Structure formats: structure tokens, C-alpha cells
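Asks: For the record, the sequence lines run as chains A and B.
Counting from 9, one number per residue, gives the positions in the first sequence under our numbering.
Counting from 68, one number per residue, gives the positions in the second sequence under our numbering.
In case anyone wonders, no lab produced these hints; they're calculated from the structure.
As the structure is a computational prediction, the values presented were derived from the model and not from experiment.
Keep in mind that a hint or two might mislead.
As the list claims (entries may be wrong) - Below, in silico cross-link-like pairs of lysine to any residue (SDA-like), each with a Cα-Cα straight-line distance of 25 angstroms or less: (1) 178(B) <-> 331(A); (2) 122(B) <-> 330(A); (3) 82(A) <-> 97(B).
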Amino acid sequence: MLEFIEQSLAWLPDGVVALVIIILKILAIIAPLMAAVAYLTLAERKIIGYMQVRIGPNRVGPWGLLQPVADGVKLMLKEIILPSSANRFLFILGPILTFAPALAAWSVMPFSDELVLADVNAGLLYILAITSMGVYGVIIAGWASNSKYAFLGALRSAAQIVSYEIAMGFAIVGVLLAGGSLNIGDIVNAQQGSLVHWFWLPLLPLFLVYFISGVAETNRSPFDVAEGESEIVAGFHVEYSAISFSIFYLAEYANMILIAMLAVLMFLGGWLSPFQGIPFLEDWFAWIPGIVWLLGKTAVFCFLYLWFRATFPRYRYDQIMRLGWKVFIPITIVWLMVVGGAVVAQLGPWFD
Amino acid sequence: MVENYLPILVFIVLGILFGIAPILAGYMMGPSKPDSVKLSPYECGFEAFEDARMKFDVRFYLVAILFIIFDLEIAFLFPWAVVLDEIGMFGLVAMAVFLGILVIGFIYEWKKGALEWE
Numbered sequence: 009m010l011e012f013i014e015q016s017l018a019w020l021p022d023g024v025v026a027l028v029i030i031i032l033k034i035l036a037i038i039a040p041l042m043a044a045v046a047y048l049t050l051a052e053r054k055i056i057g058y059m060q061v062r063i064g065p066n067r068v069g070p071w072g073l074l075q076p077v078a079d080g081v082k083l084m085l086k087e088i089i090l091p092s093s094a095n096r097f098l099f100i101l102g103p104i105l106t107f108a109p110a111l112a113a114w115s116v117m118p119f120s121d122e123l124v125l126a127d128v129n130a131g132l133l134y135i136l137a138i139t140s141m142g143v144y145g146v147i148i149a150g151w152a153s154n155s156k157y158a159f160l161g162a163l164r165s166a167a168q169i170v171s172y173e174i175a176m177g178f179a180i181v182g183v184l185l186a187g188g189s190l191n192i193g194d195i196v197n198a199q200q201g202s203l204v205h206w207f208w209l210p211l212l213p214l215f216l217v218y219f220i221s222g223v224a225e226t227n228r229s230p231f232d233v234a235e236g237e238s239e240i241v242a243g244f245h246v247e248y249s250a251i252s253f254s255i256f257y258l259a260e261y262a263n264m265i266l267i268a269m270l271a272v273l274m275f276l277g278g279w280l281s282p283f284q285g286i287p288f289l290e291d292w293f294a295w296i297p298g299i300v301w302l303l304g305k306t307a308v309f310c311f312l313y314l315w316f317r318a319t320f321p322r323y324r325y326d327q328i329m330r331l332g333w334k335v336f337i338p339i340t341i342v343w344l345m346v347v348g349g350a351v352v353a354q355l356g357p358w359f360d
Numbered sequence: 068m069v070e071n072y073l074p075i076l077v078f079i080v081l082g083i084l085f086g087i088a089p090i091l092a093g094y095m096m097g098p099s100k101p102d103s104v105k106l107s108p109y110e111c112g113f114e115a116f117e118d119a120r121m122k123f124d125v126r127f128y129l130v131a132i133l134f135i136i137f138d139l140e141i142a143f144l145f146p147w148a149v150v151l152d153e154i155g156m157f158g159l160v161a162m163a164v165f166l167g168i169l170v171i172g173f174i175y176e177w178k179k180g181a182l183e184w185e
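Please model the complete structure; the sequences and the hints are all you need to start from.
Replies: Shown next, in the form of C-alpha cells:
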């Protein structure tokens, strides 16, 4: 496939051909990602529906399967409102600045042993850096709106995101200790062996802290005070309408999937088969390609997000900050030293 | 090695374009019938009586400052974590001292009440 494209573009200069191929590869990541985002919104409504003994959307297409398309068309055809007292430039910049990092973070994600767009050494560092950019979008959107609710929502949201980023960063440092590399592919390969060789076991506290911080980081329920519709209407995007409003949601869901997939890659063996090292079962399931395991595990974490939302009541803001600063940071610092000691002592079977 | 970073740059540019494109499309496809009431800031039905960019709680500043300290620390931990295999016991003790100093500061701010929200 790639060779065919290369041949048919041979009349162009080499640099242009390389660029076209990079762009095609990027589109091959973005298109399934956007489809996954669209159907995650439908899955959310369906699953929460069934958890509340309703059937959820079922009118558009069979079983409501065309609902995301209908939502997209509807949002596209609505009027974009620019509030009169808003800072116009920043108001439009806000959603773009939220969305671009949410997409760009995917550039270093490996989908299997060979399937990776940019196989860089500093993969995890890049992801930590680029996902942090998202908070600018939130602050700019809230400030530019010039509405009290948006302003309060942006402040709350920004403080919450940066607080949980610390716990998340510490958890990632633990993974680096265990994996001995910043390259995500190398981290997955360091988990070779069997189910108990995966890092969830030696890094169990960090794993839990990571995923809970991920839920807080994406402003998902039960940590969604930034939206808190009962007190500040919809938080930082209350003034947004139509497609610029939905871009915030696209970014949020893309980030959810990103965090879920990162949790799988760092703690649950990524594309490694869970039957590795088990006699017979390993051979029976050997025909399944790694990407199926990766996406399957990711889907489980995406389901957890929805399950949390249907189950837990919203936290109070002071409880959220207490959990982030007074519980997660001490836990992660202590466990970092434990993992550091285990790495130096070459404790098997993970660190030898 | 550097050429591995080219796809990332292209991806970031495409990400920005994918953010701009739907907004442009929305402007072209959606109606545009603004009026002064529709464009006024949302405040539960009554007119906004002051600027929304008001004073806010100093604790948000405090969180931001504490975040910078801890985030810098994470930046220090990243290279250490990758090479701990090679630097061994010495590296572990050195980082334990560094983390120890940081934890003293953390305890101080905790006791001072910088982490309280009530």
C-alpha cells in the first residue's frame, strides 16, 4: 500500500513524497480516533442508559447507531455565538488550543511492536508535555468569555488539572524507573513474560493513582466540578455554542481514550497477550494480533470511565483538592522510593 | 534521530488545522442572526452588573506556585528514573536526599494550611 503510493508519487521531489506519506499516516490515526470519539459518546449514553434501566438513544438508525452522525450534523448547522463582551481572538483560540494538543499527543502512541508513527526516545516526556498544554485552552476559553460562570469554571478546572498532573507525573516516573526508558514501545517490551510481569503488580499504587488522576485530569465525573451544572451551569464553556462547543467535547473524549490507552501501555502490557507464559493457552491465542489486545484493554478502561460516571456522586471541590495533594502525592513519593530500591536491588521478576 | 520528530511537528500542525476547520465550516454552514440580547453574557436571566474579570481567591495562585515547584521536581526525576539502573545505590541515595528536602517543604506547607480548601 505505502509502496504503491510512493511509486505513484515518484515524479515529485523526495521531500514532498515523504511529507505526503507522513500526512497519510497521521490521517490513518486521526480518522479512527475521531470515529472512536463519536462512538464513545454513543456508548456513554447507551451504557449509562442501561445502568439506569433506560434504553438510551434508539431513534436514529438501528439501535441509535447513527446518533453521533446526527449530533455532528446538528452541531455543525447551529449558530456560533460570539458574546459581545468577549475577547474575540482568544474566544476562538480557546477550543483550538484544547483540541490540537489532544490530537497531537497521539503522534508517539505505539499501536503494536512496529505500528508507531514517531518512534522517539522521549515519547512519554512528549506526552506529559503536550497534554499539559490543554489547560491553556481551558483558562483562555474561560477568561475570554467574560462571564462569571465561565471564569469560575476555568479557575476551578485549571487548579484541578495542575494538581492532578503532579500525581500523574510521579506515577509516570515510577513507570520510567521500572521500564528504564522514555520510549513507550520499550516500556511495553520491558513487561514481556506473563500477566504478573506487567507493571500493574509492582506499581499497583501508582497504577491506581494514575488512572484516578486521569479521570480528574479529563474533568470527568466524579471530579467534574469544573462543569458542575448544578452550581456554575457548564463551567468554562458556558458561552460556547454549536461546533466550537463540541470541539471541547471532542478534545475531552480524545483525552479519555489517550489516558485509557496510556494506562494499558504503561501498566497492563500494552499489546502483549494476557496468556503469555501459560502453556497451551498461549499457543491457542497466538494468532490474535497485538493491536486487538491493546484496543480491547483500552476499551475496558473507557468503559470504566462511563461506569464511574453512572455510579459515583460528584466530589466536593475541597475533597478533590485534598485527594490530589494530601493523599496521592504522599502515596506516590513513598512508592517511588520503594520502586527505586527494588530497581537498585534488581528485584525479580520485574527489575532483573 | 531528529528526523523522527518530523511526524510530530506535522501532527501538531494538522491538529491545529483540524481545530480550525470545523469552526470555519460552522461559520459557513450555520445561520448568523446576532442581536444584543443573544450576545450578552449569560448570567441567569438578569443583566451582568459588573465585569466578570473579578478578584478571585488567592488559593488559586498558591496552587499554581506549588504546582511549579512539584512539576520542576518531576522534570528532575525524569532523567534520574531512566538511568537509575546504571547509577545504582549512589543515585538512589542522592535522590532520597533531594526528595527528603522536598518532603520537608511539603510538610511545612501542609502544616501552614496551604492545602486547605473549606
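Asks: Taking the hints in turn, state whether each one holds.
Replies: Checked hints:
1. For the suggested pair residue 178(B) and residue 331(A), the alpha carbons sit about 16 angstroms apart, so the restraint of at most 25 angstroms is met.
2. Between the alpha carbons of residue 122(B) and residue 330(A) the distance comes to roughly 24 angstroms, so the proposed pair stays at or under 25 angstroms and holds.
3. Straight-line distance between C-alpha atoms of residue 82(A) and residue 97(B) comes to about 10 angstroms, which keeps the hinted pair within the 25 angstroms bound.
In this structure, none of the earlier numbered hints is contradicted; all agree with it.
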